[in-house]
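Sequential numbering from 1 applies to the sequence shown in the UniProt record's numbering.
Rather than coming from a laboratory, the hints here were simulated on the basis of the structure. The reader is advised that the hints may include incorrect statements.
Quick list of simulated restraints, FRET-style, between CB atoms [as the list claims (entries may be wrong)]:
#: 1; residue 1: 389; residue 2: 37; range: 52 to 58 Å
#: 2; residue 1: 182; residue 2: 490; range: 31 to 37 Å
#: 3; residue 1: 367; residue 2: 199; range: 44 to 50 Å
#: 4; residue 1: 16; residue 2: 39; range: 54 to 60 Å
Only pairs whose alpha carbons sit at most 20 Å apart, straight line, appear in this in silico EDC-like list of lysine to aspartate or glutamate [as the list claims (entries may be wrong)]:
#: 5; residue 1: 14; residue 2: 126
#: 6; residue 1: 502; residue 2: 691
#: 7; residue 1: 209; residue 2: 126
#: 8; residue 1: 502; residue 2: 126
#: 9; residue 1: 14; residue 2: 137
#: 10; residue 1: 124; residue 2: 690
#: 11; residue 1: 487; residue 2: 569
#: 12; residue 1: 502; residue 2: 399
#: 13; residue 1: 246; residue 2: 223
#: 14; residue 1: 209; residue 2: 245
#: 15; residue 1: 487; residue 2: 25
#: 16; residue 1: 124; residue 2: 691
#: 17; residue 1: 246; residue 2: 164
#: 18; residue 1: 487; residue 2: 580
#: 19; residue 1: 487; residue 2: 512
#: 20; residue 1: 124; residue 2: 137
#: 21; residue 1: 14; residue 2: 47
#: 22; residue 1: 487; residue 2: 582
#: 23; residue 1: 502; residue 2: 690
#: 24; residue 1: 502; residue 2: 515
#: 25; residue 1: 246; residue 2: 190
#: 26; residue 1: 209; residue 2: 415
#: 27; residue 1: 487; residue 2: 500
#: 28; residue 1: 14; residue 2: 136
#: 29; residue 1: 209; residue 2: 232
#: 30; residue 1: 502; residue 2: 688
#: 31; residue 1: 124; residue 2: 569
#: 32; residue 1: 124; residue 2: 58
#: 33; residue 1: 487; residue 2: 334
#: 34; residue 1: 246; residue 2: 220
#: 35; residue 1: 14; residue 2: 25
#: 36; residue 1: 209; residue 2: 399
#: 37; residue 1: 502; residue 2: 125
#: 38; residue 1: 246; residue 2: 198
Small disclaimer: the values here were computed from a predicted structure and weren't measured. Built from N, CA and C at the ideal position, the CB exists for glycine as well.
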Amino acid sequence: GLFVTDYFTRTPRKLSPFRSFASIELFHFHIPEDTVIAIWNLITFKEQGGTFGDQCPDRSITVYFRSGAPSVINPLHTHFPRDTAVPGSFALTLTWTLPNRTTGVFNVTSPLPGDWFLAAHLPKDEGKISVKGLYEECQYLFQPQLIVQRLVNIAVLYPGYVTEQSMAPHNRSCLYKVFVPSYTSRVLVEVLRCRGAEGCPLWLRVRAKAPPLHNSTALDCREHTPCQLVLDLPFWQHWYYVLVEKHPGVPGTISFQVIVQLTDCSRPSLARPPFLPSSASMNMPHSFGSAGGLALGDSPPPASPNGTKHPVPIPTVSPTSERCWPVRPTLRNELDTFSVHFYIFFGPNVSVPPDRPAVFVINLLPVLDSGGVLNLELRLNVSSLCGENVTVFGCLNHEVPLTSGDNASATCETEFLAGFLLSVNATASLSRLRIPYPQTGSWYLSLRSLCATEHGFEPCTNVTAEVYLRAYLSPCINDCGIYGQCKLLRTNNYLYAACECKAGWNGWGCTDNAEAFSYGFQLLSTLLLCLSNVMFVPPVAIAVRSHYLMEAAVYIFTMFFSTFYHACDQPGIVVFCIMEYDVLQFCDFLGSLMSVWVTVIAMARLQPVVLYLLGAMLLSMALQMDRHGLWNLLGPSLFALGIMAIAWTARTIRRRHCYPPTWKRWAFYLCPGALIAAAAVLLYAFVETEENYFYIHSIWHLLIAGSVGFLLPPRAKPSGRLGPITRRKGCGYQLCVNEQEELGLVDPAVASINSICTS
Numbered sequence: 001g002l003f004v005t006d007y008f009t010r011t012p013r014k015l016s017p018f019r020s021f022a023s024i025e026l027f028h029f030h031i032p033e034d035t036v037i038a039i040w041n042l043i044t045f046k047e048q049g050g051t052f053g054d055q056c057p058d059r060s061i062t063v064y065f066r067s068g069a070p071s072v073i074n075p076l077h078t079h080f081p082r083d084t085a086v087p088g089s090f091a092l093t094l095t096w097t098l099p100n101r102t103t104g105v106f107n108v109t110s111p112l113p114g115d116w117f118l119a120a121h122l123p124k125d126e127g128k129i130s131v132k133g134l135y136e137e138c139q140y141l142f143q144p145q146l147i148v149q150r151l152v153n154i155a156v157l158y159p160g161y162v163t164e165q166s167m168a169p170h171n172r173s174c175l176y177k178v179f180v181p182s183y184t185s186r187v188l189v190e191v192l193r194c195r196g197a198e199g200c201p202l203w204l205r206v207r208a209k210a211p212p213l214h215n216s217t218a219l220d221c222r223e224h225t226p227c228q229l230v231l232d233l234p235f236w237q238h239w240y241y242v243l244v245e246k247h248p249g250v251p252g253t254i255s256f257q258v259i260v261q262l263t264d265c266s267r268p269s270l271a272r273p274p275f276l277p278s279s280a281s282m283n284m285p286h287s288f289g290s291a292g293g294l295a296l297g298d299s300p301p302p303a304s305p306n307g308t309k310h311p312v313p314i315p316t317v318s319p320t321s322e323r324c325w326p327v328r329p330t331l332r333n334e335l336d337t338f339s340v341h342f343y344i345f346f347g348p349n350v351s352v353p354p355d356r357p358a359v360f361v362i363n364l365l366p367v368l369d370s371g372g373v374l375n376l377e378l379r380l381n382v383s384s385l386c387g388e389n390v391t392v393f394g395c396l397n398h399e400v401p402l403t404s405g406d407n408a409s410a411t412c413e414t415e416f417l418a419g420f421l422l423s424v425n426a427t428a429s430l431s432r433l434r435i436p437y438p439q440t441g442s443w444y445l446s447l448r449s450l451c452a453t454e455h456g457f458e459p460c461t462n463v464t465a466e467v468y469l470r471a472y473l474s475p476c477i478n479d480c481g482i483y484g485q486c487k488l489l490r491t492n493n494y495l496y497a498a499c500e501c502k503a504g505w506n507g508w509g510c511t512d513n514a515e516a517f518s519y520g521f522q523l524l525s526t527l528l529l530c531l532s533n534v535m536f537v538p539p540v541a542i543a544v545r546s547h548y549l550m551e552a553a554v555y556i557f558t559m560f561f562s563t564f565y566h567a568c569d570q571p572g573i574v575v576f577c578i579m580e581y582d583v584l585q586f587c588d589f590l591g592s593l594m595s596v597w598v599t600v601i602a603m604a605r606l607q608p609v610v611l612y613l614l615g616a617m618l619l620s621m622a623l624q625m626d627r628h629g630l631w632n633l634l635g636p637s638l639f640a641l642g643i644m645a646i647a648w649t650a651r652t653i654r655r656r657h658c659y660p661p662t663w664k665r666w667a668f669y670l671c672p673g674a675l676i677a678a679a680a681v682l683l684y685a686f687v688e689t690e691e692n693y694f695y696i697h698s699i700w701h702l703l704i705a706g707s708v709g710f711l712l713p714p715r716a717k718p719s720g721r722l723g724p725i726t727r728r729k730g731c732g733y734q735l736c737v738n739e740q741e742e743l744g745l746v747d748p749a750v751a752s753i754n755s756i757c758t759s
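Construct the complete structure from the given sequences, taking the supplied hints into account.
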């Protein structure tokens with residue numbers, strides 16, 4: 001056949017350590033129909049500071065693949081909520097082959113068409129809290145690329161028509177496809193009039209949605225006469241691919257005929273006629289081609305270049321097991337994103353008769369609905385059983401209803417299909433099912449009532465069970481509970497939802513309490529973070545005593561908002577918010593930086609109010625730009641320290657003596673205060689993690705408040721202080737200002753002037 005190659009790529013994205021599904025990077029691809037091979041090229045490289053990160057450690061990268069919906073992953077092996085079905089996916093771990101780059105390849109032969117999703121993440125880290133901008137962080141970037149090779153002009157088989165084919169010696173196989181509409185209970189594919197050098201050396205393989213694989217449904221025509229494959233309960237509204245493959249080493253040309261027959265289960269005594277209704281009535285996709293647009297009563301399709309088509313009589317098949325029941329639709333009511341309710345006409349209470357199942361269909365829109373959770377709830381009305389031991393079984397299956405032909409069967413699977421089984425009875429009258437990230441399309445729910453006897457389940461007589469049925473789509477499972485937050489995430493144009501857990505809770509719905517914080521631990525951490533701000537009371541008292549009223553007001557502001565910000569910032573249930581979280585956070589950060597600013601300006605003994613206003617404006621601007629950026633926060637602080645250094649240098653030059661002039665001021669106030677502040681900064685920048693946050697950050701509060709008490713200068717000199725004392729030299733003596741006045745320990749107005757002899 002003729003192959004066409006398509007290329008798809010995505011922008012590189014930074015990977016994060018796994019904490020929950022909200023921390024993964026999701027990539028969305030679309031594989032076209034008739035694809036025979038898909039190759040994913042997985043490129044990963046390191047960056048540090050805008051260059052290649054050769055010095056970054058090697059961290060393994062896990063990539064998940066799934067068709068139809070995002071992967072439901074559980075790398076931490078946590079517990080899922082009750083009644084949750086976990087769909088499978090394929091995982092691949094990438095290892096590093098070069099210091100700063102690695103590449104992985106993932107091949108899929110005959111992939112299913114439609115949406116494919118890739119999820120990638122780094123391993124879970126120790127949860128260190130790093131200061132943004134303190135050092136160049138190692139970044140791990142991941143970029144997937146997709147190469148697909150698809151066949152064009154695949155021959156289409158028309159139900160009820162024979163297609164003749166000759167396979168040349170250099171050809172190994174012939175590929176066909178046939179469209180299966182709704183209400184088809186059986187597909188029969190048969191090879192007729194096979195003539196070759198060694199009988200009929202052919203393999204017949206059939207597969208839904210994509211070309212057959214080596215493990216697809218197959219039949220060896222040399223061992224079976226007639227050579228026909230029967231597929232019960234085929235997928236509705238999908239293409240089925242038929243591959244006729246020659247045995248290896250068979251010489252010569254092989255000629256054969258292929259015919260496909262579809263059984264209409266809405267009329268079990270009739271097969272589909274040897275003419276086609278219009279493509280609109282069969283709901284055929286546009287890729288069927290122009291040959292499929294035959295109207296009722298039209299002539300058969302024209303002969304194709306590689307064969308001829310002509311109708312053949314179709315035998316009558318009428319087993320009772322092939323009868324299908326009416327499918328009741330549901331009404332879709334969209335309330336919000338991933339918040340959809342499916343209402344049943346004349347519901348929500350439905351009657352399940354004893355002699356036949358009740359079938360309902362739930363339609364999930366492509367792409368739009370696969371990022372949420374499909375919820376199903378069955379509640380049995382026990383009063384409707386009339387004292388009988390009745391059990392109502394529900395079978396939820398994708399793309400085709402599973403209704404067993406055995407009246408006493410309670411299974412929800414066949415040789416090729418498997419659905420989700422629910423059951424309710426008088427003892428357990430409630431049953432739930434949750435499917436995270438469901439595949440889109442049609443989901444069919446079949447309800448059937450059976451009576452329990454000594455010999456197992458048997459059909460009931462004259463008992464019509466009444467069941468309350470509720471089906472809806474939600475963003476997360478139970479809105480992630482009280483210890484989680486349901487987040488709406490986006491990757492390009494695809495939306496999905498995921499839980500982000502807190503207070504040590506884990507799991508897909510934040511229901512795994514293996515590492516959860518107890519209530520006492522949450523209360524202790526909240527009290528430590530809040531009450532540690534009481535350490536600002538001594539600096540407030542010192543500031544008021546020294547007449548630093550503006551500084552005292554700033555310290556009170558900081559103490560108040562830091563207390564209530566941490567009371568609102570707690571991850572558990574011990575939370576108290578007096579304002580919006582964003583307002584409290586801004587005021588806490590602003591108060592902390594203003595405390596540093598006014599303390600440094602006071603140490604410089606500069607009184608102009610313009611400096612305080614300048615600091616408030618600069619810090620507000622920096623916090624609005626980035627509250628967690630290092631230089632946005634460190635810049636104003638360094639600017640204040642620069643002002644203090646200039647003021648101290650000017651005094652030192654004017655007085656020709658180091659300022660502050662005494663060793664006691666340095667030894668007992670400035671050096672201890674600076675050491676305490678430096679220890680606080682080191683703890684905040686290098687020691688703080690998510691696990692020790694509550695007590696390390698409390699120590700940070702204590703140290704910062706304590707350093708302010710040491711660094712705040714003594715009472716400022718009054719405006720009427722003595723002017724500079726002129727030097728009077730004589731007899732080798734020099735007059736100096738009293739040492740206690742320079743320390744600010746006595747009133748300068750009554751300071752005595754002592755004569756100190758110097759050589």
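- Violating hint indices (sorted, rising): Violated hints (numbers, rising): 4, 7, 12, 31; every other hint is consistent with the structure.
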